[in-house]
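Novice: Residue numbers (the working numbering), protein chains in the order written: chain A, 57 to 356; chain B, 57 to 356; chain C, 57 to 356; chain D, 57 to 356; chain E, 57 to 356; chain F, 57 to 356.
A portion of the hints provided could be inaccurate.
[As the list claims (entries may be wrong)] Using 30 Å as the maximum straight-line C-alpha spacing, the simulated DSS-like pairs for lysine-lysine come out as follows:
#, chain 1, residue 1, chain 2, residue 2
1, C, Lys258, C, Lys291
2, B, Lys66, E, Lys67
3, E, Lys202, F, Lys63
Derived by calculation from the structure, the hints in this document are not laboratory data.
Each chain is listed here by its residues.
Number of protein chains: 6
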Amino acid sequence: MEIKNNKERKKAIDEAVAKLTDPSGLETVGFQSETDFSMPSVITLRRIVNLSRSVLFPGYYEDKPANPYNITYHVGVAVEELHKLLVGQVVAGFNFSEEGMSEDEKVDLWDKADAIATGFIAKLPELRAVLSTDVVAAYNGDPAAKSYGEVIFCYPVLKALVNYRVAHELLKLGVPLIPRIITELAHSETGIDIHPGAVIGKYFTIDHGTGVVIGETAVIGDNVKLYQGVTLGAKSFPLDDDGNPMKGIMRHPVIEDDVIVYSNASILGRITIGRGSVIGGNVWIVNDVPPGSKIFHDGK
Amino acid sequence: MEIKNNKERKKAIDEAVAKLTDPSGLETVGFQSETDFSMPSVITLRRIVNLSRSVLFPGYYEDKPANPYNITYHVGVAVEELHKLLVGQVVAGFNFSEEGMSEDEKVDLWDKADAIATGFIAKLPELRAVLSTDVVAAYNGDPAAKSYGEVIFCYPVLKALVNYRVAHELLKLGVPLIPRIITELAHSETGIDIHPGAVIGKYFTIDHGTGVVIGETAVIGDNVKLYQGVTLGAKSFPLDDDGNPMKGIMRHPVIEDDVIVYSNASILGRITIGRGSVIGGNVWIVNDVPPGSKIFHDGK
Amino acid sequence: MEIKNNKERKKAIDEAVAKLTDPSGLETVGFQSETDFSMPSVITLRRIVNLSRSVLFPGYYEDKPANPYNITYHVGVAVEELHKLLVGQVVAGFNFSEEGMSEDEKVDLWDKADAIATGFIAKLPELRAVLSTDVVAAYNGDPAAKSYGEVIFCYPVLKALVNYRVAHELLKLGVPLIPRIITELAHSETGIDIHPGAVIGKYFTIDHGTGVVIGETAVIGDNVKLYQGVTLGAKSFPLDDDGNPMKGIMRHPVIEDDVIVYSNASILGRITIGRGSVIGGNVWIVNDVPPGSKIFHDGK
Amino acid sequence: MEIKNNKERKKAIDEAVAKLTDPSGLETVGFQSETDFSMPSVITLRRIVNLSRSVLFPGYYEDKPANPYNITYHVGVAVEELHKLLVGQVVAGFNFSEEGMSEDEKVDLWDKADAIATGFIAKLPELRAVLSTDVVAAYNGDPAAKSYGEVIFCYPVLKALVNYRVAHELLKLGVPLIPRIITELAHSETGIDIHPGAVIGKYFTIDHGTGVVIGETAVIGDNVKLYQGVTLGAKSFPLDDDGNPMKGIMRHPVIEDDVIVYSNASILGRITIGRGSVIGGNVWIVNDVPPGSKIFHDGK
Amino acid sequence: MEIKNNKERKKAIDEAVAKLTDPSGLETVGFQSETDFSMPSVITLRRIVNLSRSVLFPGYYEDKPANPYNITYHVGVAVEELHKLLVGQVVAGFNFSEEGMSEDEKVDLWDKADAIATGFIAKLPELRAVLSTDVVAAYNGDPAAKSYGEVIFCYPVLKALVNYRVAHELLKLGVPLIPRIITELAHSETGIDIHPGAVIGKYFTIDHGTGVVIGETAVIGDNVKLYQGVTLGAKSFPLDDDGNPMKGIMRHPVIEDDVIVYSNASILGRITIGRGSVIGGNVWIVNDVPPGSKIFHDGK
Amino acid sequence: MEIKNNKERKKAIDEAVAKLTDPSGLETVGFQSETDFSMPSVITLRRIVNLSRSVLFPGYYEDKPANPYNITYHVGVAVEELHKLLVGQVVAGFNFSEEGMSEDEKVDLWDKADAIATGFIAKLPELRAVLSTDVVAAYNGDPAAKSYGEVIFCYPVLKALVNYRVAHELLKLGVPLIPRIITELAHSETGIDIHPGAVIGKYFTIDHGTGVVIGETAVIGDNVKLYQGVTLGAKSFPLDDDGNPMKGIMRHPVIEDDVIVYSNASILGRITIGRGSVIGGNVWIVNDVPPGSKIFHDGK
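So here's chain A without its partners, still in its complex pose:
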């Protein structure tokens, strides 16, 4: 491989580098800061997700041997690494988001992040308990499921829910940005897009999952089941004076307990689907639905 024109190529590359690093081209896409800190790391967050999964479902998602002589050693090491990495990402998240902290607060940022990470660790047993109900719901709802273990190994909804429930907990602890990256990791892996701001009850499951969207202000009760392609979205956005969508408006649906929504149904706007309703596939819902309703598309 004897490539010629070394000098011309060098010149072209140097010019491109100069343009690409010129501050004028970095206004939108380059983060500038007076202070010196690390950006959030998607690689580290992926590790945090894997550690969470290995602690919540011991033996399933790890690359370690399955039946440890003493599970305490393994969970202990994983939780310690999880804490340590989380502290760094929480600091990165606060530093990156230009809101929510005064300069004074930034002084104690490492201590604050340490407290948040410790608080998160303390919540892990509760997260495990809720996720256990999700495993049961997935198993009960699918005739093809042979065991709880198969559900944990194979069902994408479990992966999506670990990420969501971890991210939602971090959001409640006040961490900016990081929760959103964590749920997006699951979106990429499973095709299930759950915003960390959504509120989701126990015994929740999604079958197949690809294409499901659950918006930022959606509220889902207990014992709800969705199928692939279901959207719990917004219908329209009130615009602010600049013509941009206003942020922070309740704009996604409320799904009460014991509701089933079949594949590719779209439920849009701050409406309520009443307890025990069944929403058929492909239907398009933009108004409240009373409890116990059964709404179906006309099949052919």
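On the provided structure of chain A, position chains B, C, D, E and F as indicated by the hints.
Specialist: Below, chains B, C, D, E and F alone, put in the same frame as chain A:
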């Protein structure tokens, strides 16, 4: 990074670890066994899939040089590793699934797994032959395809079908759990969710693929083409005495030869789509369709 | 692990290897060539995508420290590696595709690839400028977005658009096959399937994204927004004399400026959606739509 | 890189491979066995050494964080992995060495190896205690040493002694071959060559270390110090009837307590260096030395 | 692999872990600290050495392409990483060594380490200049050397000298412990053991090198050449009141300019080898040697 | 970690980078070339050594399973990779060394390197045959050796001899620089420094090995055994008109068949040690020694 409160943090972590490893919290999510064995490993199964792809489509999916001086050396090494890893995963699958084996049978489990893995290797040439027809179908069906090679490199359906056909073969050989994990790996990678229990003929293809669901008891003939978002699903589940769906019922459609199903169509229940039919996009089908039908949504 | 029957297993494996490497079984799936060259490498192309992302959005997608003392060093090293790897893949793409080059042209292939890669590098600043408008569009269009930075970190559309805009540029430079592999990498990662041949304007965004399909001959103006599950597809393919779809026909829609298309809508065929139109969710469009139209599904 | 003569090269390679795999050339260098087992793995043994070091000197040689919140978790995980890997290598060692086991014994080999590995683990606290005396000896003997910690971090003798004391323990447990590979790993790393069969007391140290040789049947008391280049070797080997050296003869020196041997001294044969003696640099000793002797080379 | 006696093994392991983590056994070998910091990392220090080598001898020791289009990019990235890693190791070194810092000083430790690392970076061009003279000396002194490049690629003395000169510089900047670990890395790699405290002039070289020892207080002039196995050591150590060697005494030789010392010679104690002397192989020197002397062993 | 003084640090680093990349400082240590090629890669050469070892001693030094079902597959893959990597390093070696090739020759450099690599592969069976005699010699010469297998696993001389015999073969094929790097890799690993130019017969062995030096023009017959620390070196170098040692002079000893040289003996200059002689430890030989001599140091 000078984090304080070392002792308090240690206490919080130790408490969380204690709760997370308490047997009472592991009933649903932790696998316990009297015997000592390895759990199935998703990492190893991913390697098994990659080895299968590299053997079935030499040169395309490997990270080795493309035009080997002697392809036999490369395929030989890959098949040997494939056999070895498969034995271990088959053993893990049998041990994990709490059914299908008496204690006596477990004694000879390694020999049984060896025989299964050897049987699987012997089937690889046939799998290659069927997958070759799938390549041809994808090429013929897409005006954008420039060559068979482009299809193998770029079309997600090929990846999904390698996993499905490998998993289906293992299922026929009696291996529990492992086939389901293998097809879920393709689901995550391609958005195409094919249950390993489905039966699929030759010259099968799916365009784009994201969101396709093919259920456990679906039967698909030769020369069938699906588009993205198509569901071959169940309509309803007969419940058993406990109110849970009954397992093992034929509940997904039969698609006869030469059928095309356009994007986002849903075909639900144990119905039959007759040979040569065309099912339009977004339609919702819950009844039998006679051969040669053309069923379309009313476009706007 | 004391597996028996060593000889029988060896025999079975040797037989399978012999069949799998027999030229008769490799006609469709094995690439043969008189000359000695490397096949395109998906692993290297993934690295090329990561390098492009790290150069276009410095600090976001890298595994390097975030706030470098001197960004020029980092971008310089990345661009140099990008150039070098791209030369190899461009050569591999030309060699693999059996078209577009005479034997004479192959002689100078490395120089040609060097020139193409250099031309691509020179285009990177322009690609950055267009992608910056896409960031703005995603931010403005989503009430849940808190900052440009969150968009770059979390929104799958940005990943899909980097791959598409890189691939489209390579396609314009005449590179075969490689662009298609690059957009398929994003399809797998995001569920968004954009053919590199499509033409897409500035300020383009897709919300959520899973299941979106944008076909080879689609044309999209400026300031267009799509939602998840939208298809810009072909309606039917004219067949050639052999009954196969004809290649190279304009068969996908034209979407003019300022159009919004809601979730799961299908727009099929070489039709035009007029400027400023709004296409509702789940609708099915196969005819031209005049500017300023609002077409909605009847919700329930 | 357009290498020509593809066919000739292929022919040459195929011929070389045929010769290299012909059994006639493998008599000395290729291990053949009727049964199916793994060879000892130098890579795994290196891991075993690293695990031993990390357990014996927590925090020093690991690539994990230094001050764990709970050292028990870390040591627990390391010891478990150490046990597991050791079982495999002990089995490999027995299988490889063609002595010491009847066919009956091979049946229970995994159980035997499990018991040996467990026995080894139980000895680790004692090994730590002896190695602690070696740390003290190295610190006391070198004016350049600032702390015990510096000794553990920097002094090659500590690395060599961990390997030797681990290997010697395994030898006492009856493990063939493996101990020798373990001390050779230290030889390569430190230039200190201690045969695992040697017997070495407490408070032993070697300064600098490169070139030191301690033979198989050497016996060293407590509180002995060697310098670089010292040989405790054999003087001559009685030959057997075939003219080869007889194996298993006591042929290396006995060094009593409190002896110092300066650099490059050679002490050869089954002689005794009496307690408290000082052997000067570069001297050559082939006869017994009474206690309290001081033997020096004539310096210039 | 069906290992039995799971419970007994678990018990044995738990007991060993308990003993190994009991504080009573960690007095000598375990570092305890009230504060929370990282231990020095040999892995990171190895990386620091590799970065230093790649910056000082661009293209030789890197795993990057050799002839970069723009060397500045590469050196810039390497120096930045070098600085960053060095800061962390300097902090670790100060924290680990229990001397030289008051509590007040520890408060500003990160700033202090930053300043030290920056000072080190500023010295790199001078280090390069001195090392260039060492390359010339090695080339001129060996008839087998074909080019400066061969010397840099192949001669272990160059590796040892990079480590020594880097470590000596850090020692002058007041960094504890870290310099000693850095020279020991070279000792392991080359068999050449140079204490970072030694003072060594320009145009220094060592042929072959294995077994060379240069003590802490040795002083070497310009244009000195050593051969393998040479010791510049201490003759005896004054003992303190506790009977231990006194630390910090000048106890190694002074070698003046233009001296050659042949293989395995030992020069011991605070003596001076006068300018231009030649010391023959295997000789043992414990007294001053006047300038211009030639001292040889009687060969046979 | 909140490091301050960002700007000052940046300035210091930028200044150091500028000095380090200034051509004036790169004269000795930086390789400049008009053409565009890769430097020799120590990492790749280490891989080449590992591949050679795995081919010559199948099963011993690999990280693959030991008892392959079909050794031909494994050796075939290894030899192919070995050939490919060697071609690249041979090209790099020729390009780097500024001698031995006209511009015309450089045109065909890849073909030339291909031929050399193919020639080397063809020699591998012969190298294996000679190395087999070295294994036998090591086994016969050491009472501590239990089997040929132990010798191959544990004896550093075998590693040193594989590197030497591979390097010597490449030297005979005319490859510059690369052979020297290969033997230096063994020097670092084993402490045995054999110049690739030396000529060494069959049944050669070295016990322990650390510190052995065998010079460029040494000639060693069959059935020779050395111990640790032996030097076969040069006595003095004739100087050229510039006062530098003349290159290419025969200056190292000739050791005839059946000679034993004990530890730390130095044999210097172009002298001959006659057949069957025994040279004792620590002796210093600078004159011819007649056949059958026994020369010993006076032991104490």
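Novice: All the hints need checking, so say for each whether the structure fits it.
Specialist: Here is what the structure says about each hint:
1. Lys258(C) x Lys291(C): holds (26 Å)
2. Lys66(B) x Lys67(E): holds (25 Å)
3. Lys202(E) x Lys63(F): violated (45 Å)
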